Amino acid sequence: MKIDRRSFLALGLGAAAGTAFTPLPWKLTDDASIWTQNWRWLPLPEDGDVTYETTACTLCPGGCGIRVRKVKDRIVKIEGLPEHPVNQGGICALGISGTQILYGGSRVTSPMRRSGDRGKNEWTRITWDEALAEVKAQINALVDADKADTIACITGSDRGTVPLLFKRLLAVLGSPNFMTTATMEDSYRAVFRKMHGLKGPVDVRFDFENTGFVLSFGSGLIEGWGSPLRMIRAANVWKANKTPMIQVEQRLSNTAAFSGGLLAVNPGTEADLALGLCHAIISGNLHQAGSVSGFAEFANLLKQKYSVDTVATKTGLKATAIVDLARKFANPASRSVAVCGRGKGTTAGSMREFMAVHALNILAGRVNAPGGVFAVPAPDDIAWAGDTVMTSAISGKTRIDEAGTGAYTLADSLLNRIPSGIVEKGESSIGLLFVSEANPVYTLSGTKNVRKAFKKIPYIVSFATCLDDTTAYADLILPNHSYLERYQDVPVRAGLSKPLVNLTKPVSAPVYDTQNVGDTVISIAKSLEGSVAEAFPWENYEDCLAKTLGGRWETLKEKGFVEGEANPVALGNVILPSEMPDIPAISGDGNLPLILLPKDSMRLWGDAVADPPFALKIVPDTELKGTETVVEVSPKTAVAQGLEDGKEAVLTTTLKSVTVKVAVSDGIMDGVVAIPRGLGRSSAEKYLDDKGVNVCELMEPQEDKVSGFDAVIGTRASLKRA
Amino acid sequence: MKKETEHKPGKKYGMVIDLDKCTGCGSCMAACMAENNVPCKDDESNKLSSITWIRVYRLTNRKPFPETEICYLPRPCMHCGGVGDQGHSPCVSVCPATATDYDHGTGIVSQIYTRCFGCRYCMAACPYHARYFNWWDPVWPGDLKKTLSPNVSPRMRGVVEKCSFCFHRYQLAMEKAYVEGRRDLEEGEYQTACTQACPSGAITFGDLDNPDHAVAKMKEHPNAFRLLERLQTNPKVYYISSREWVRRAGDNYLKNEPTNSKPRAAAHHG
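Protein chains in written order, with my numbering: chain A, 35 to 756; chain B, 12 to 281.
Extracted from the complex, chain A is given alone in its bound form (with noise of 0.2 Å):
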């Protein structure tokens, strides 16, 4: 037969028809669904019964209460309390992935003994009682040569029972080596020693509910500064109320974004501005009168040094805008505050800044005063026999790290100058150390010191519970619970306005052949016999914690949480300094053409605890990209540097020289470099394993004179097109 025009376009549409009256095309789709999709390895989640249990999160310091969804004994999902005082039922990405660390890769998941060399992480299971077999021989050949007083222990935080078992311990054994991670409260800390003469353990509080006007120097106060979900809040409070936020930043970081009151100084004369907007104070007599010593002389060394035309050369601004500013901040109707502690305030921070702030608040009037800051005595509610006679029994005895001694009297613990005392000496003068809760290789700046330093101390034993930095150096560890397996009570400091205690609770079956780091220490204890395991009187954890808690164990369990009040202590004599610590917070090679700061939010977390995949998966590819770190600069800076958006670019400062990727980006000063913490981390698991760099790597320490405290806020860079 013959194909004509005719038949063709008869074929054609009767096909056509046909298709569509055949059932084979849908037919086709549907099979093509049921081949490419029945796989056997795709996971069935397991059904059955939901339950929810509340407890608290200890994931950052912040202090939220967390309810957890369980499908039977799997806990599937974390979410907030709506009923908790501090979150309200919000939640923050780091809080939702918690899950992710409890089942993750990186748990410990029973005792280890390291098998490969230090800072690999390779590890030899073993049992329970060879474990403390072990720590039991090595705390006894310590004691047996009377260098029971080179034992040391680092945690997260000296509150709550944990870390005071610890300190119990360590002052049984005879000694004070009892160290935690400095944050923005020590420093804090150490201005109310010094600017208030305070001797004890005081607390720094802010009434953010009632403040009328915010100054933040460099603090992310929406980017996990403090109690970040408490302050979230507090700050859309301000939003509503039109409270004005001003903040002093070299970058448009979200607070600087959300205040709409970015204040751009030139970096590291935060200080300076604030002792220029002091002078601006005291010449325009706008101070508070009160009981003050030294204020002449203050006065005049603001005169001499820091006169607003001075501060506003130095710090780039325009003098009437310093006075103006100075003017709103001193009016007693604007119930102002300042604050300090940059980004999240996970490090100390210099101290010329937080005495400059904190007689800006002292000069208007905004200390212990409602919608300021507020000095609190910390709560000291544990009480254990016998602890009167043990700490005076160490009293004498010398710290490592010269905390409370000497020129260290401001300080409680100071961390940061262990590695280069090690590494001068050659020698480590910690015998054995025990490390919980606390990541001190990844979070002391100058990282390359602090390995070296870490690789001489002679035994490290960590209650670590996932592998991190700091294990990749200990030669035992004796794993955690997680925070969802575990009872703990959590005092919470973080600037709340009132004291408040919570309780993790063990809303999950211990996953693993873990155990509560304070059952381990007390069975340390016991298993040394003699006074030392009569100091510690427990049956167990839970014993401990139910006696030592009284009435307010049952309330812990039943309620998650205990508010209480708290009474500023009274301030006394007010001294101003006469001069003004010379401290450089940006350290470095100063012919470097480049500034690096480091900067934080709320989906990169750069302390003890390391971002989980749903928290890591939420950072901007302008901070990660594959596995290098992404540098944000300004577009006259990558112009002036050579630099190119998303293309390689080598960072380096006076310690390393790495890799990264730009970011460039309008919302930056010319001549610095954005850095994002929290990556680098060597020991995570996959998902976040070696990927970018740890900003301490790149920053020299430097030691502050007046705290001892690492005051780097900042370091010298070039960036130079790879």
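Derived from the structure by calculation, the hints contain no laboratory data.
Being a predicted model, the structure only gives us computed values, none of them experimental.
Among these hints, one or two may not hold up.
What the hints assert, rightly or not - Here are the computed distance ranges between Cβ atoms for each label pair:
#1 Gly-95/B - Thr-70/A: 34 to 40 Å
#2 Ala-427/A - Asp-53/B: 23 to 29 Å
#3 Asp-180/A - Lys-156/B: 48 to 54 Å
#4 Lys-156/B - Glu-243/A: 24 to 30 Å
#5 Asp-679/A - Gln-243/B: 34 to 40 Å
#6 Gly-95/B - Glu-243/A: 42 to 48 Å
#7 Gly-153/B - Ala-756/A: 35 to 41 Å
#8 Ser-104/B - Ala-756/A: 33 to 39 Å
#9 Arg-194/B - Trp-60/A: 33 to 39 Å
#10 Lys-106/A - Lys-228/B: 25 to 31 Å
Unchecked claim - Once the Cα atoms are required to be at most 30 Å apart in a straight line, the calculated BS3-like pairs of lysine-lysine come out as:
#11 Lys-106/A - Lys-156/B
#12 Lys-276/A - Lys-228/B
#13 Lys-720/A - Lys-74/B
#14 Lys-157/B - Lys-539/A
#15 Lys-154/A - Lys-157/B
#16 Lys-156/B - Lys-276/A
#17 Lys-104/A - Lys-228/A
#18 Lys-681/A - Lys-228/B
#19 Lys-52/B - Lys-276/A
#20 Lys-276/A - Lys-58/B
#21 Lys-74/B - Lys-273/A
#22 Lys-362/A - Lys-157/B
#23 Lys-52/B - Lys-104/A
#24 Lys-58/B - Lys-681/A
#25 Lys-539/A - Lys-230/B
The beta-carbon is built from N, C-alpha and C at its ideal position, and this holds for glycine as well.
Fit chain B to the known structure of chain A by using the hints.
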């Protein structure tokens, strides 16, 4: 059952997101992933292939420092109703497998994974980039499988997925209501995971047609707007911003066109 739906007008669930409150913390994204069994790959820094049902975009006013401003904009699925809420959403209209459908009872655009054969027409049709394709099989290594919720089925390689307004939460709430002899839900009974998690309280969720629900009032706010409204997709997600440049960023305006103006084509149709 059929009679009942005929007599009662359907719900129109939607969201109002107050951009003045959003801090860009990303809680909504994480809460959504945990609620809906969204997996994580080893590398999620290629944002084109990173599955986030709700994504927080960072907008800037493109002015030089220090006049630069940032606004964070969370973007779930808009659950477009199309003109007159007749269910002609861009994605529903193009799906050859009826894998995505408009539910007139709730106004929610569904996604049925087992029907989807991965042609991705819907992704091309969606003007909001709210749909994501599974290029790889999801992996939950080791014990991470224990975090999986039985309320949402894990998706397989080769299918498209998107925000469902946590539809399983609606189903659970309805089941509970039926057991208690009710046919209607209270406002708080059905809330999405992102709404619950937001530390700022920036997201409000409810029935846009129910005058007792907060969203019904909020969407009438003078600063309320929707994304690409002039495409007549009729989205059920409203935004509020006090900043004009943000409201203008919600659509493609000509330089001299006033914000919130109707496009000429729409004006013709009345």
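Against which earlier hints does the structure fall short, listed by number upward? Result: hints 2, 4, 8, 10, 13, 16, 17, 18, 19, 20, 22 and 25 break, sorted rising.
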